[in-house]
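Here the protein sequences line up with chains A and B, keeping their order.
No gaps in the numbering here: position 52 of the first sequence is 52 in the numbering used here, and each next residue is one more.
No gaps in the numbering here: position 62 of the second sequence is 1062 in the numbering used here, and each next residue is one more.
These aren't lab readings, by the way, just hints derived from the structure by calculation.
Among these hints, one or two may not hold up.
Some chain A residues judged to face chain B by a derived CB distance under 7 Å, without partners named [what the hints assert, rightly or not]:
1) Ala-51
2) Asn-54
3) Ala-57
4) Ile-62
5) Ala-64
6) Val-72
7) Gly-73
8) Val-75
None of these values were measured; they are calculated from a predicted model.
Yeah, the Cβ is synthetic: ideal placement off N, Cα and C, and Gly gets one too.
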Amino acid sequence: MSAVAWSSAALLTAAAILVLVRVARGPSVLNRVVAMEVLVVIVVSGFGVEAAVNRHATTLPILAVVSLVGFVGAVSVARFAAPDEWDDRT
Amino acid sequence: MNWHLIADVVAGVLLLAGALLSLLAAVGLLRFPDLLARMHAGAKPQVLGLLLILVAVGLRLRSLHDIGLLLVIGLAQLLIVPVAAHMVGRSAYRTGEVERDDLLTDELSPAVDESGDD
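Please build the complete structure, drawing on both the sequences and the hints.
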């Protein structure tokens, strides 16, 4: 199980780094929102891997809460996104 | 080969597959050219990866109470992700982020023009 734990952790870390590159590059707020949403799901996956490897259910409520918070964040930013004055492409 | 060992092996495979799908989603997010394509990469493989990981957690914990909670988390994801992607897509269309020339069909533009609040 420990090899599985380390390789999934490595895969998730690589994924998180790639997503952070997209967050940094943009080029607009909505691109960053999509990337942050993916980052939240990666964090939830990380908690899940940890719970599965160490065989405890302590973090399971955190999974539910984090994914709901990610949803609310994404929807509120998307709802109030204006035509983008910080767009790096222009 | 008892039942617990099989469940552990399946859980390990599912964990790896889930993490790999997360990585694929991230690669797609980085490499796809525009927002709609990136949303596609961000929404679908990501959710499947998370569901696989949740199944793996259930196979490791093997208690009915925890599996119920995992079911709630998975169903919530299945409801949440399409709604969030829809909101982002709507917002992208209305703030002019979507290149309308790239679309093969665009059934939304008459409705948006008619509503007149763009």
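Going through the hints against the structure:
no.: 1; hint: Ala-51; result: holds (5 Å)
no.: 2; hint: Asn-54; result: violated (9 Å)
no.: 3; hint: Ala-57; result: holds (5 Å)
no.: 4; hint: Ile-62; result: violated (10 Å)
no.: 5; hint: Ala-64; result: holds (5 Å)
no.: 6; hint: Val-72; result: violated (9 Å)
no.: 7; hint: Gly-73; result: violated (9 Å)
no.: 8; hint: Val-75; result: holds (5 Å)
Hints 2, 4, 6 and 7, counting from the list given before, are not met by this structure.
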